[in-house]
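Engineer: Going line by line, the protein sequences match chains A and B.
The first sequence begins at 1 in our numbering and counts up one residue at a time.
The second sequence begins at 393 in our numbering and counts up one residue at a time.
Do not take every clue at face value.
Claimed, not checked - Covered stretches of chain B, going by a simulated chain A footprint (3 or more residues, C-beta under 8 angstroms):
#1 491-501
#2 509-515
#3 538-551
#4 563-573
#5 681-691
#6 713-723
#7 761-767
Hint data in this document are derived by calculation from the structure and do not stem from the laboratory.
A virtual CB, placed ideally from N, CA and C, is assigned to each residue, including glycine.
2 protein chains.
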Amino acid sequence: MRRYVAALLATATTAITAGSVLAQPPSIIEDFKPSALNQPGQQYPQVNSQGYVRFRIAAPDAKAVHMSLGLGGQGGTAMTKGDDGAWTGTTAGALDQGFHYYHLTVDGGTFNDPGTLNFYGSTRWESGIEIPAQDADFYAVKDVPHGQVQQILFASPSTATTRRAYVYTPPGYEKNVSARYPVLYLQHGWGEDETAWANQGHANLIMDNLIASGSTRPFIIVMTYGMTNDVKPGAPGGLASFDIKPFQTVLLNELIPYVDGHFRTRADARHRAMAGLSMGGFETKLIASANPDKFAYIGLFSGGTYSLDDVNKIPGFKEKAKLVFVSFGSRELDNPRRGAPPGMPPSDPRANAAALKDAGFNSVFYVSPNTAHEFLSWRRSLREFAPLLFRD
Amino acid sequence: MRRYVAALLATATTAITAGSVLAQPPSIIEDFKPSALNQPGQQYPQVNSQGYVRFRIAAPDAKAVHMSLGLGGQGGTAMTKGDDGAWTGTTAGALDQGFHYYHLTVDGGTFNDPGTLNFYGSTRWESGIEIPAQDADFYAVKDVPHGQVQQILFASPSTATTRRAYVYTPPGYEKNVSARYPVLYLQHGWGEDETAWANQGHANLIMDNLIASGSTRPFIIVMTYGMTNDVKPGAPGGLASFDIKPFQTVLLNELIPYVDGHFRTRADARHRAMAGLSMGGFETKLIASANPDKFAYIGLFSGGTYSLDDVNKIPGFKEKAKLVFVSFGSRELDNPRRGAPPGMPPSDPRANAAALKDAGFNSVFYVSPNTAHEFLSWRRSLREFAPLLFRD
């Protein structure tokens with residue numbers, strides 16, 4: 001019943017960035033539980049069955065404590081100090097289901113909530129919270145065979161660095177020593193890094209569960225850092241002036257050869273996909289469009305679209321592209337100027353996808369219900385995208 | 393020259409917990425640089441060539457900011473607010489080389505330094521800082537073949553959970569598909585978790601470098617969570633009342649079979665080692681002593697010793713144990729009551745090691761110079777231990 005109430009609320013609300021405002025604030029149901037992303041033993045933050053979040057921060061001598069997370073446009077969540085010296089506050093309404101980043105301000109300083117785990121976003125490790133989704137089962141830890149997520153370090157002469165990537169190998173990879181596997185290169189968004197798809201995205205669990213149910217063919221996923229446009233160390237430039245070349249060189253000339261040399265891959269375009277969320281979709285489009293001989297399967301998750309004009313400019317694209325997958329959170333389409341990433345063309349992504357389909361492309365358009373530019377949109381996008389890969 | 397000065401200071405100092413006090417405070421050399429563990433683009437905290445740390449925290453409206461890290465016995469580092477609203481402070485002396493945990497207090501609340509990465513210790517994610525060590529080369533990222541660190545999820549019926557471990561596979565593991573490898577089970581300390589040996593310990597880099605120089609045989613390392621004595625969820629009990637059985641069941645009945653089933657191991661005692669730091673050494677001694685048929689190589693890093701009495705109680709231990717390795721930081725031996733873990737027997741570990749050697753054991757005792765109960769002791773211990781493994 002509680003799940004039903006939560007689902008109903010989520011459907012009835014109007015999107016404002018990360019949250020939603022109710023026309024009539026309902027009474028708050030006092031069934032708050034510690035967030036699934038809390039540090040071991042921590043009781044706060046808590047989430048209730050409606051999707052409200054309650055924070056609690058011990059800072060007895062502070063003059064002002066404020067949470068960045070709240071309903072968009074309302075400036076986060078105000079906190080008030082109790083007699084016990086702890087500051088508490090509850091969001092003014094239900095947040096979207098799924099994962100949200102946040103931080104707090106204590107007397108003018110920016111800190112993380114000591115109650116929660118941190119996740120790399122906004123070019124820093126931020127506090128994270130999870131609002132249980134009604135469809136959370138697809139990324140739950142279940143008693144199914146689990147693949148492995150491994151860190152690799154690869155030499156990058158072009159950037160004069162040793163770079164890190166994470167590689168998901170599916171269940172059975174270790175034992176089936178004669179089998180070779182297709183590979184998906186999967187990119188994070190602006191301000192995130194190569195940890196995002198496993199930590200925030202649960203890409204490994206999504207794959208484990210899809211493979212266990214027979215919904216997708218087993219494949220390898222490679223996730224690396226895509227922000228190569230630093231204007232100074234650690235200060236990435238914007239997308240407007242984004243130059244794809246440094247990252248393209250790392251990906252095509254360094255990472256892919258390393259992966260093909262160290263893992264049992266099928267090292268041709270028909271067994272190689274690229275996808276990304278937000279900026280990662282932007283990168284995917286730039287690299288896949290310029291290299292139709294490298295990737296036959298393409299996914300843009302809240303990261304732009306392909307118009308007919310776009311694809312007509314790419315020689316041989318129609319013959320080579322086995323899949324052009326485009327997805328958004330529903331709230332991004334409701335209000336594209338809020339949800340769309342910088343650089344997204346102003347054309348209607350749904351109409352673009354339909355035009356590609358009419359032109360004979362394997363064009364798939366997916367909309368994540370009741371989510372915005374946020375990770376539940378992208379977890380669901382991966383769930384929809386993976387079964388469509390490597391079917392030829 | 394700077395390296396020489398730093399080394400000289402470290403040798404001349406007297407240990408107090410995590411740091412050292414100089415008889416005559418030298419003048420501070422103003423060559424502070426951002427710590428290697430800072431978040432991308434963050435300028436503070438900084439470390440100078442002497443091993444002093446300087447902190448800077450923006451919190452313009454705070455009444456009091458204090459750092460937990462400083463010279464032991466002096467209550468951390470005081471911070472003072474400048475005209476720009478930022479609080480700064482410098483440790484009262486040089487810290488030990490290597491890794492240190494810390495946090496800060498802002499108006500009575502406990503937070504992490506937003507400038508640094510976090511590391512799991514003290515049962516929470518804490519701020520970390522690295523004082524460059526003069527021998528840091530052995531755990532540096534170099535242009536050598538790199539092994540992989542992978543996350544595995546294994547079913548644990550005994551605890552009714554899906555548990556996580558990290559597995560280091562050495563360079564070449566992927567390609568040499570007919571080779572089988574010995575395995576070291578390597579445990580973290582109290583309050584830490586399965587992330588510690590790779591994150592704080594650089595176990596993977598230590599191994600990559602040892603293997604590249606031909607100093608050790610390639611082997612697999614498995615690191616899992618050893619704190620199974622929670623008195624309530626997330627609140628681990630003390631060591632005095634520690635019951636090894638739940639962890640022993642996870643390790644022997646669940647993890648080892650999983651690893652032997654999913655990796656190309658040599659699944660016998662002669663090709664299996666166990667070691668751990670602090671509480672992990674305590675666990676190693678309990679489990680290895682009770683199961684001499686399971687592990688032929690044993691390492692206790694700042695985590696107890698084996699006396700002749702101990703080993704005489706274990707049937708067949710002398711024939712089966714190929715190596716009994718015990719190590720400490722030199723400052724733990726200078727002042728054992730400070731540095732020794734709870735549960736460490738009061739007997740002299742150096743004399744114990746010598747007695748075992750006289751009794752015909754392959755007993756090795758190692759002392760890490762100028763370090764205490766801290767990670768540089770344990771990185772060095774692994775460097776010394778690894779080459780001694782699996783030689784028969």
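Engineer: State for each hint whether it applies.
Structural biologist: Hints, verified against the model:
{"no.": "1", "hint": "491-501", "in the structure": "holds (count 4)"}
{"no.": "2", "hint": "509-515", "in the structure": "holds (count 3)"}
{"no.": "3", "hint": "538-551", "in the structure": "holds (count 9)"}
{"no.": "4", "hint": "563-573", "in the structure": "holds (count 3)"}
{"no.": "5", "hint": "681-691", "in the structure": "violated (count 0)"}
{"no.": "6", "hint": "713-723", "in the structure": "violated (count 0)"}
{"no.": "7", "hint": "761-767", "in the structure": "violated (count 0)"}
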